[in-house]
Amino acid sequence: MRVLTMAKALNDALDVGLEKDSHVMIMGEDVGRTGGVFRITDGLAEKYGEHRVVDTPVAESGIIGVAFGLAVGGMRPVAELQFMGFSYPAFDQIISHVSRIRNRSQHRFTAPMVIRIPYGGGIGAAEHHSESAEAIYAHTPGLKVVVPSTPYDAKGLLLAAIADPDPVVFCEPIRLYRAVKEEVPEGWYEVEIGRARVEREGADVTLISWGAMMLETRKAADRLADDGVSAEVIDVRSLVPFDAEAVTASVSKTGRAVIVHEAPRTAGFGAEIAATIAEHCLYSLEAPVLRVTGWDSVFPLKRSEHQYLPSVERIVAAARKTLEA
Amino acid sequence: MRVLTMAKALNDALDVGLEKDSHVMIMGEDVGRTGGVFRITDGLAEKYGEHRVVDTPVAESGIIGVAFGLAVGGMRPVAELQFMGFSYPAFDQIISHVSRIRNRSQHRFTAPMVIRIPYGGGIGAAEHHSESAEAIYAHTPGLKVVVPSTPYDAKGLLLAAIADPDPVVFCEPIRLYRAVKEEVPEGWYEVEIGRARVEREGADVTLISWGAMMLETRKAADRLADDGVSAEVIDVRSLVPFDAEAVTASVSKTGRAVIVHEAPRTAGFGAEIAATIAEHCLYSLEAPVLRVTGWDSVFPLKRSEHQYLPSVERIVAAARKTLEA
Amino acid sequence: MRQRLTPSGGLVGEAPFDIQLTRRLYRAMVFARTYDRKGMALQKQGRLATYAPFEGQEAAQIGAAAALEPNDWVVATYRDAALMWAQGYPWELLFAGRTGDERGGSPPEHVPVMPPSITVGGHMVHAVGLAWAEKLQGTDRIALTSFGDGATSEGDFHEAMNFAAVYEVGCIFLCQNNGWAISLPRERQTKSATIAEKAIAYGMPGIQVDGNDLFAVYEAVKEAADRARSGGGPTLIEAVTYRRGPHTTSDDPNRYRDPAEVEEWARRDPIERVRIYLSEHGAWDDEWQAAIEAEAQAEIDRAIELAESMPPLGPGEILDAMFETLPPHLEAQRRELVEGLR
Amino acid sequence: MRQRLTPSGGLVGEAPFDIQLTRRLYRAMVFARTYDRKGMALQKQGRLATYAPFEGQEAAQIGAAAALEPNDWVVATYRDAALMWAQGYPWELLFAGRTGDERGGSPPEHVPVMPPSITVGGHMVHAVGLAWAEKLQGTDRIALTSFGDGATSEGDFHEAMNFAAVYEVGCIFLCQNNGWAISLPRERQTKSATIAEKAIAYGMPGIQVDGNDLFAVYEAVKEAADRARSGGGPTLIEAVTYRRGPHTTSDDPNRYRDPAEVEEWARRDPIERVRIYLSEHGAWDDEWQAAIEAEAQAEIDRAIELAESMPPLGPGEILDAMFETLPPHLEAQRRELVEGLR
Ligand SMILES: Cc1ncc(C[n+]2csc(CCOP(=O)(O)OP(=O)(O)O)c2C)c(N)n1
Ligand SMILES: Cc1ncc(C[n+]2csc(CCOP(=O)(O)OP(=O)(O)O)c2C)c(N)n1
Ligand SMILES: [Mg+2]
Ligand SMILES: [Mg+2]
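Chains as they are written, first to last, in this note's numbering: chain A, 1 to 325; chain B, 1001 to 1325; chain C, 2001 to 2342; chain D, 3001 to 3342.
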C-alpha cells in the first residue's frame, strides 16, 4: 500500500471525493492554481477544472456563506479557510447559518458541507497562524468537529465528512501535514465520525489528546513506559460527537486522567472532557484530573513558541503527579 | 436609597461614567435617540450629545473595530451590540484585535473598552435573540468577561469595566433587566471584577450559576431548604478572571456541586468549573459534579423555550441526585 | 429614479403588463396588507411574538415576486412576508414562525423560499450560493434576495455583491430602502447619494426605482431576471419605499421620527395608486374591492387558525432537527429533557 | 490614472516638491529596498520567519508617508515596512517582528504607528477609530491605513469605508493594488474596473494613481491629507503598483503567474525613474549612489544586529502582556510555565 503524509492523504481524499460525486466542489483562497498554501489541493484544479476547484476572493464570511448557499442548493462544497485564525470573520456564517439551517427549517433545508481549517501551532508561524479554536466550534450546536492525527484517519474522516448529511468543521493540524507517513488505502473509505481511537492500551493512567499534541502525548507514553508506567493513550479524533464512552471506559479502568491540548486552558475542550470524567468516573478516580494545555494567552511568535506548547516533559510530569496522588 | 431595576442601574452607571470622564463614549445601533432597544441608554444622547452617545450603522464588526481604534486613540468607548447573536459578526475584531493589542504591542497600545452585550433567553424572542455565548468569550485570552445578576452588581461591575485598563465583555442578562429591583447607591462605585459572590451559605451542596439562571438557582435553593437541604449558592459574576478560590472553597466544604447555565452544555463554561473542581476538590467530593444546562441545540423559539431552559425542578433534581450519591 | 405609475395613478410610459395581471397583483397586495394588519393586531393580543410590519412596502414585494418564475429562489427577511408568500410560502407558516414555532421555517418541498433571515445582512451570500448552485447544475433558476437599506452597511452585503459579480451568478439584489434601520435614517447610514450606485463598486448594474410603484418594481426585477437567466450576472435594485409602521411591535418610532413624514408617505401608498389606475381603466369597483377583502380576510383567518391549532413541538422534539440522526450525546440529552419535563 | 513621473523619468505637469526633498525620498527608497532584499536573504538563511517582500512598491509607501505629518497615525500591513519606517518605526523592530519576537510590535512611545496587521482587512476600521478619536479630542492628527487589493474583498473594508464617510473622519485609505492577492489576480478579485471607483459606494472621493510614481502618490496623499485635516473627511486612493516578488517566502509565484509580467513591471521600477529624474536635474551621480547604498547597508546591518541580539522573552514573560496586571489564574499558569521549562 502507498505510504502517504497527512497532506497527501487529504489531497487523495479530495481527489476521490471530486471523482465520485460531481456535486463535490472545493473553494477557498488560493486553492486553485497554486494548490493551497499547504498544497492540500495540489493538482485538483487542473484535474477537475476551475469550476470545481474555485479560487475565491479574500473574504471568509463570503466563502462560508456562499458555500452554505451552494450546499442548500444541492452541491457538496468543501470550503477551505486558510488558517484557523482566519475562520473568525466567517464565524457568524458558521454559527448563525451553517450550523442551524436544518433546525431552522426542521429538516427542509440542509447544509451538507465541509469546512477545512488548517490549525494549531508549532511551525514558528506569524501571528494568527497558530490558533486552536476547536472548542469554539465544539460549543456550537449543529456542527460536527473532527481532528485527525494520522494520515489514515485524515483521509477516512475527510471522506466521512464529505458524505455526512450535516456540516463538519474539519480541523487539520498543520504540524502533522508532513510529520509522519503511513499506509493509506486507495479509493473511498470512511472513518466513522464520533469514535475515539484507543491508540495504545495501558493500565495506570489515561492520556487523552487530539491533533498535533498526539505527537507529544505518544512520546510521553513512551517515556512513561521506560519508567514502567503503563499509559493508555486515546486520540479523541472527533470532538463532536464526542466519544464519552471510550474516555470514561478508559478512566474507569486506569483511575487517572491527563488531558492534553494546545488551545488555551480556560473553557478549552479539555474542560469538557474533565467535566465528563468528573460526572461519570468519580468513584473510579484515584487522582485529580489534570489538564496540560496551552496557556490563557495569545499564541506566541516563533522565538517563544516552546514556552507555550505542552511539552513531553509537562505531560510526563502531570501523569506522574496523578500517580503520586 | 433608590431602588432600581438592572436596566436603570446600568443606565445610571453609564450616566455616571459619561459624567466623570469626557473620554467615555457610547456607541452602537439605536443607542442614541431611541435609547437602545432595551432603553439602557435612555436619555443619555440628550444629556451628553450625539457625539458622545453615537448611533452607528448596522455593522457590528465596524462598531467593534472602530471602537477599538477609538480606545487605542485615547477614548473609553462603551460599545453596545444589540444582542449576543449579533456579536458574532464582530467576533474577528474581538478575538483578533481587541483581546490582543496589549500583547501584540507588549503594553505599548491598549484597548480599554467595554463591549456590552444583552444576552440569554427566556423572553420568547425571535431566533438569534436568546444566545448565551459567554464561554466563547471566556475562551478568548485577553478579555475579561463579566455577568451581573443583580442591579447593584450591574452598576458596580459596569463602572469597574469602564475603569478597567483592559477590554471587558459585559454580558447583560435580558431576562433580568426588569425582573428585580434593589437598592443601588448613587454616584461612582465599583464591584471588583474577578470575585464571585457567595449569595447564600449552606452546608450540603454548592449551586453555582450566573446571569439569569440565578433566578432559578435561588428558587431551587429555597425549594431544597424547604426539604431541609442546605444549599450554598454562588453567583460567579466574573467568568474571566474566574474566582476558582471561592468555588473550590465552597465545594471542599459541601462535597457536592451542581453547576447551572443556560448555554449549551458541550464546552460551556460549566465544563470549566467542573474541571476546576475535578482538579482541586477531588478528595472532598462526595458525589459526581453535575451540570444543569441548556441542551446542545439551537435556542428554541417561544413556544418551546420552556423545554430548553434549566428549570427549578431540574436543578433541584440534580442537587438531590448528588445528595443521594 | 424609475417610475411607471405616479402616486395619483397616472401612467408614465407604458404599462409592463395587462389589466388582468394588474388586477391579480392588486388583489395580492390587498391580501398582503390584510395579513400585515392582522399580524399587528394579533401581536397586540399577545398571540404572536414580536412582529415586523411591512405596510407601505407591498408593491416592492409583490411587484418583485411577479417578475420571477415559480421555481426561482427567494432569500428574504423578517419583513418580507408578502414577497415570500407570493413565491409560495404559505401564510400559516409565516404566522407559525411569528407564534414562535420552528415549523414556520419549513415551507413545503416545492417552495423555493428560504425561511426568513432574522440576522441583518447575513442571508444575501446564501442567495449568491443558491444562484451559483443552479448555474453549476445547469438549470435556469435564479435567486432573488431581499434586504433593507440598513443591511447594506454590513460587511456581508459587500461580500455577497462581490462574489455574485465575480462568479457572474444569476442573483438579484433587491434592497427595499424603507428610509430607516430601526431608528437610524437612511442619510445617517451611508454617505452615498443612492443605494443603487453602490453597484458600481462591484461592476454590476444598479437601478433605483420607486418602490411604491408596482409597475416600476416589476419592470426592474424583470429586466434583472432576464439578464440573470441569460447568464448576464447579478443586478442591484434599490426600491425606494417607506416603513410606515414601527420597526417591530417592540419599537416606538415616535422617539425618533416625525409623524409628518409618515403622513407624507401615506399619500404615496402603493396600493391606492394601482386602485386608481384600475378604476380609470374600468377594472375596479367597490363590489370587487369588498369581495377581495372578504376573501383576504377569510384566507388570513384560516391561516391563523391553522398556525394556532398546530400543537407545539412535543417534549424532546426541539432536539430532533439538530442533525439528520441524533448522535449519542443528544439522545442522552433528549432523555434528560423528557425526564425533566415530567 | 494620475501620473507625474513616467517610467523613463519624464515629468508630467509640475513636480510636487523640490529636488532636495526628492533626493531625501530617493534615499529613503534605496534604504527600503536594501531592507527588503536583506529580509529575503535573511529568511533564506533561516534567520527570519516568513517574510513578505515589497520590492516594486517603494514609491507607494515612501511617497505616502512623505505627505503625512510626523504624528499622523499609520495603520498598515505585513508588506508595509517602508511606510511604517518612514513614519518612525525602527528597522530593528520591523526585523524583530520577523524573527518571531513580540517586541517587534512595540514601537517607541512617540511613534504613531500600529504594529503591522497580519490579518487581511481587519485593520482599516482601527484607523477609522483612531482618526475619530483625534477628531473628538480636537487635535488635527489624521490617520492613514494601507492595505492591498485583495483586502478590498473583505467585509471589514466596506464597514471601514462606510464608517469613515458617515462620521467624516480624517482617514486616508491607501490601497496598494499590487496586482495579486497571493495567487488571485486583481481581475478575479472583483469586477469593478478600478479599486478607486469603489469610493463612490461610500460617497467618498476616490483617486487612482500610478503607484510606482513617487510624485503622483505624494500628491494624491497630500491632497487627501489636506482634506482630512481640514475636516473634509476620508479619501480612497488606489496606488497601482506590482508585487515583483513572491507573496511571501513560502510562496512560489511560478505556479500561477507569467514571469513576463514581472519583467514588464521591472521596467516600471519606482526607484529608477526618480534616479533618472534626479540625474537629469544634475542631482544624482554614481558616487552619491554608492554613498547612500553604503549608508543603507550599514543601517540595515545594525538593525539586524540589534534585532538578533535581543535576548528572547524570558520564561513566563509571554504571559506578562495579557493584561495590565496578571489575574490569579495567569499568575498560577506563569508559575506552572516556569516550572515546566526547568
Ligand atoms: C446582524 C444583526 N445586527 C443587528 C440586528 C438588529 N436589527 C434588526 S432589524 C435592524 C435594522 C435593519 O434595517 P434595514 O436593513 O433597513 O431593514 P428594515 O428593518 O428597515 O426592513 C437591526 C439593527 C440584527 N437583526 N442582525
Ligand atoms: C483575514 C485573512 N484572510 C486570509 C489571510 C491570508 N492572506 C495573507 S495575505 C493574503 C492576500 C492579501 O492580498 P492583498 O490584500 O492584495 O495584499 P498583498 O499581500 O498583495 O500586499 C491572504 C489571503 C489573512 N492574512 N487574513
Ligand atoms: Mg430599512
Ligand atoms: Mg495585493
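The hints are simulated quantities; they were obtained by calculation from the structure and are not laboratory data.
Just so you know, these numbers come straight off a predicted model, no measurement behind them.
It cannot be assumed that every hint is accurate.
To be verified - Dumping the calculated BS3-like pairs for lysine-lysine here, alpha-carbon to alpha-carbon at most 30 Å:
#1 C/K2191 x B/K1047
#2 A/K181 x D/K3222
#3 D/K3222 x C/K2191
#4 A/K181 x A/K219
#5 B/K1219 x B/K1302
#6 B/K1020 x B/K1181
As the list claims (entries may be wrong) - Under 7 Å between C-beta atoms, here's a sample of chain C residues computed to sit facing chain B:
#7 A2049
#8 T2050
#9 T2119
#10 G2150
#11 G2155
#12 I2182
#13 H2281
#14 W2284
#15 L2313
#16 I2318
#17 L2319
#18 P2328
#19 E2331
Ideal Cβ placement from N, Cα and C applies to all residues, glycine included.
Right, here's what the structure says about each hint:
no. : hint              : result
1   : C/K2191 x B/K1047 : holds, 27 Å
2   : A/K181 x D/K3222  : violated, 57 Å
3   : D/K3222 x C/K2191 : holds, 23 Å
4   : A/K181 x A/K219   : holds, 17 Å
5   : B/K1219 x B/K1302 : holds, 22 Å
6   : B/K1020 x B/K1181 : holds, 25 Å
7   : A2049             : holds, 5 Å
8   : T2050             : holds, 6 Å
9   : T2119             : holds, 6 Å
10  : G2150             : holds, 4 Å
11  : G2155             : holds, 6 Å
12  : I2182             : holds, 5 Å
13  : H2281             : violated, 42 Å
14  : W2284             : violated, 38 Å
15  : L2313             : holds, 5 Å
16  : I2318             : holds, 5 Å
17  : L2319             : holds, 5 Å
18  : P2328             : violated, 11 Å
19  : E2331             : violated, 11 Å
Taken one by one, the earlier hints fail for this structure at numbers 2, 13, 14, 18 and 19, listed in ascending order.
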